[in-house]
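Q: The chain contents come next:
Protein chains: 6
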Amino acid sequence: MFSLTVRRHFMIAHSLPREAFGPAQGLHGATFVAEVTFRRAELNDDAIVVDIGAANGILEEVLADLNYKNLDEHPAFHGKLSTTEALAKHIADAVADQVTDTPDGQALAGIDVVLRENPDAWAGYTLDLHRS
Amino acid sequence: MFSLTVRRHFMIAHSLPREAFGPAQGLHGATFVAEVTFRRAELNDDAIVVDIGAANGILEEVLADLNYKNLDEHPAFHGKLSTTEALAKHIADAVADQVTDTPDGQALAGIDVVLRENPDAWAGYTLDLHRS
Amino acid sequence: MFSLTVRRHFMIAHSLPREAFGPAQGLHGATFVAEVTFRRAELNDDAIVVDIGAANGILEEVLADLNYKNLDEHPAFHGKLSTTEALAKHIADAVADQVTDTPDGQALAGIDVVLRENPDAWAGYTLDLHRS
Amino acid sequence: MFSLTVRRHFMIAHSLPREAFGPAQGLHGATFVAEVTFRRAELNDDAIVVDIGAANGILEEVLADLNYKNLDEHPAFHGKLSTTEALAKHIADAVADQVTDTPDGQALAGIDVVLRENPDAWAGYTLDLHRS
Amino acid sequence: MFSLTVRRHFMIAHSLPREAFGPAQGLHGATFVAEVTFRRAELNDDAIVVDIGAANGILEEVLADLNYKNLDEHPAFHGKLSTTEALAKHIADAVADQVTDTPDGQALAGIDVVLRENPDAWAGYTLDLHRS
Amino acid sequence: MFSLTVRRHFMIAHSLPREAFGPAQGLHGATFVAEVTFRRAELNDDAIVVDIGAANGILEEVLADLNYKNLDEHPAFHGKLSTTEALAKHIADAVADQVTDTPDGQALAGIDVVLRENPDAWAGYTLDLHRS
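Residue numbers (the working numbering), protein chains in the order written: chain A, 1 to 132; chain B, 1 to 132; chain C, 1 to 132; chain D, 1 to 132; chain E, 1 to 132; chain F, 1 to 132.
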């Protein structure tokens with residue numbers, strides 16, 4: 001299995017209004033560093049997983065919808081908690097939506113997202129694509 | 001699959017009394033940086049894998065039993081070699097023991113440990129939990 | 001010259017209401033990783049710059065006043081912009097205030113703060129202490 | 001599953017003569033940091049995956065064949081594109097060839113290679129060894 | 001003293017045709033990660049050292065002149081060795097030329113460049129600006 | 001001012017028998033990552049600060065005297081505390097001794113050592129060389 005990973009950061013404000021989140025219940029913010037991995041069993045004719053410029057473009061577009069936003073007001077998190085885990089899934093799903101209709105996208109076996117919160121903690125989501 | 005990783009370091013002294021270990025046969029020491037990942041298919045009601053405070057607390061407790069210790073005298077390594085690989089498994093098993101009897105612990109699919117020895121070498125252990 | 005550096009992260013929300021800050025004019029958030037360096041010409045009798053536990057304690061206390069806060073409502077930034085540069089100076093000054101009245105604090109030549117914003121940008125402030 | 005990873009860098013020159021590669025179509029160069037992971041279900045009698053000195057020796061030998069070379073003139077890439085993905089597979093295969101005829105090599109479940117291109121991009125190849 | 005650092009990578013091919021450089025005498029390549037620091041005694045009216053977007057723009061422009069190039073054919077290194085140290089000075093001087101005629105540029109005390117060659121080696125150049 | 005930095009790690013065992021060191025009073029161990037910087041006002045005729053192979057060789061030799069040793073029994077620390085700060089000075093002095101009698105060594109303005117203890121703490125020593 002081959003993989004290609006691209007990395008990009010974004011900043012958000014949000015609150016996590018559940019008792020379990022302690023001081024994070026109030027409005028605060030975070031910088032997340034997203035590492036998005038594209039997996040594929042065989043390379044394309046250019047001997048790559050996906051075009052790295054296209055991969056960066058997709059990640060940039062997906063993160064532009066989150067960057068500098070207050071996630072408490074973002075439609076994707078209406079009535080939902082925007083935890084790091086939930087954000088990782090949101091990004092993986094959004095990236096998958098964008099690559100679906102390209103030949104390289106059809107060939108992908110999966111998309112993995114790691115969101116680095118701080119040097120001592122990160123969360124991830126692994127999306128397996130079963131296309132046929 | 002979702003994941004949450006927490007990181008924490010510890011320092012030990014030990015010896016590796018086998019010819020294969022060359023200069024590491026004598027008593028020496030190491031700083032290890034442990035990255036412990038909790039894997040889970042679905043998030044809990046708070047949209048997280050496990051409470052990060054609880055995860056850090058468990059890791060702190062597991063590592064407190066090793067930190068500043070001479071592993072040659074540690075009961076867990078009596079008659080055993082405390083290689084990085086063996087330490088990784090020890091930590092994964094110890095973390096698994098602690099999370100077993102909580103609802104979030106029961107939901108875990110696995111626990112992965114990476115132990116960074118130095119910038120150019122690390123070892124890991126992947127523990128799959130088949131609970132029913 | 002000797003130095004000791006300790007590192008700790010914190011999360012804030014804030015806005016930067018000047019045209020120059022583009023999308024950062026709105027309320028958003030950030031994770032900052034603070035690296036605080038204590039400089040000293042000669043070591044103390046324990047052959048250290050300062051006690052690392054005390055250094056971490058001071059940094060924890062200084063950052064507790066910022067962590068999970070909205071800096072737009074923080075008294076230290078009333079009528080001021082809480083840019084990364086200004087935050088670095090605030091932290092250096094606050095750390096200096098805390099160490100002043102200890103013997104090790106009196107011996108310090110300076111305190112440096114680096115605030116890592118994201119993998120591609122950081123700001124710093126160097127505070128020289130001219131004590132006599 | 002246990003793992004051991006060793007890391008080593010190398011520098012090459014090459015060109016990627018396809019329209020898809022834009023400015024990388026011309027002769028340019030790169031520093032790659034290779035992380036090679038050896039996976040194994042059970043440890044050997046010394047409680048390790050493989051001897052780390054042997055692992056480093058194999059990686060050094062495999063990379064010596066690439067380091068400071070112009071890959072456009074390297075026999076392994078004759079008529080092929082030396083993309084990061086292709087290089088990752090080349091390294092995994094070459095490492096696998098070298099470990100095959102040792103007892104530890106026979107016990108390996110797989111070899112994974114990650115090639116870091118720059119702080120924001122990396123590629124990988126996962127080689128599963130089905131030995132019997 | 002305040003500082004702001006921005007980071008950006010670039011890739012080059014070059015040769016170092018002196019006996020001292022061993023295998024690097026032949027044509028090979030490298031990825032360099034440039035960290036460029038702007039130093040200033042007092043912040044501007046926006047409480048920053050320089051606009052980070054402008055800093056990134058200048059660095060992008062300076063590095064575009066080097067990225068994907070064969071430095072053996074670059075006019076700036078005609079008859080000169082393009083060592084990491086020499087490249088660091090070239091970048092510092094080029095950045096200084098671009099910031100000179102802006103109010104923030106006039107206020108700078110210096111520009112520092114660190115060029116990371118690989119995880120185990122880097123070179124730097126410190127440019128003090130004595131403007132009056 | 002130009003600089004060149006090389007990095008290399010080593011492992012030691014030691015004790016810090018003063019009350020101030022808490023659990024570190026007992027015999028324990030550490031991995032240190034040493035970053036050694038050579039500073040120089042003007043480059044040599046090869047456009048470098050010092051030969052990087054020679055710099056690595058000196059660092060390797062200096063660290064070989066410490067690596068896998070119990071510093072409690074090392075002559076350099078007889079009756080002295082082997083704190084990170086003291087170790088940083090020991091390494092800077094030992095490197096300076098080795099470079100003194102070469103032309104490049106005579107041209108050095110200083111040698112800086114940073115010793116990374118763990119991801120959250122490091123110590124340093126700056127040695128200015130006033131040669132005439």
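Any given hint could be a false lead.
In this list, chains with the same sequence are indistinguishable; a pair is considered to hold if it fits within one copy or across any two.
What the hints assert, rightly or not - With a straight-line cut-off of 20 Å between C-alpha atoms, the simulated SDA-like cross-links for lysine to any residue are:
hint, residue 1, residue 2
1, K69, E42
2, K80, A20
3, K89, A41
4, K69, G26
5, K89, A64
6, K89, N67
7, K89, N44
8, K80, R7
9, K69, E117
10, K69, P103
11, K69, Q25
12, K89, E42
13, K89, V33
14, K69, L27
15, K80, A41
16, K89, G110
17, K89, A47
18, K69, A24
19, K69, A20
20, K69, P17
It is worth saying that the hints were derived from the structure and are not from the lab.
Just so it is clear, the structure is predicted and the values come from calculations on it, not from any experiment.
Q: Determine which of the earlier numbered hints do not hold for this structure and return their numbers in increasing order.
A: 1, 8 and 10
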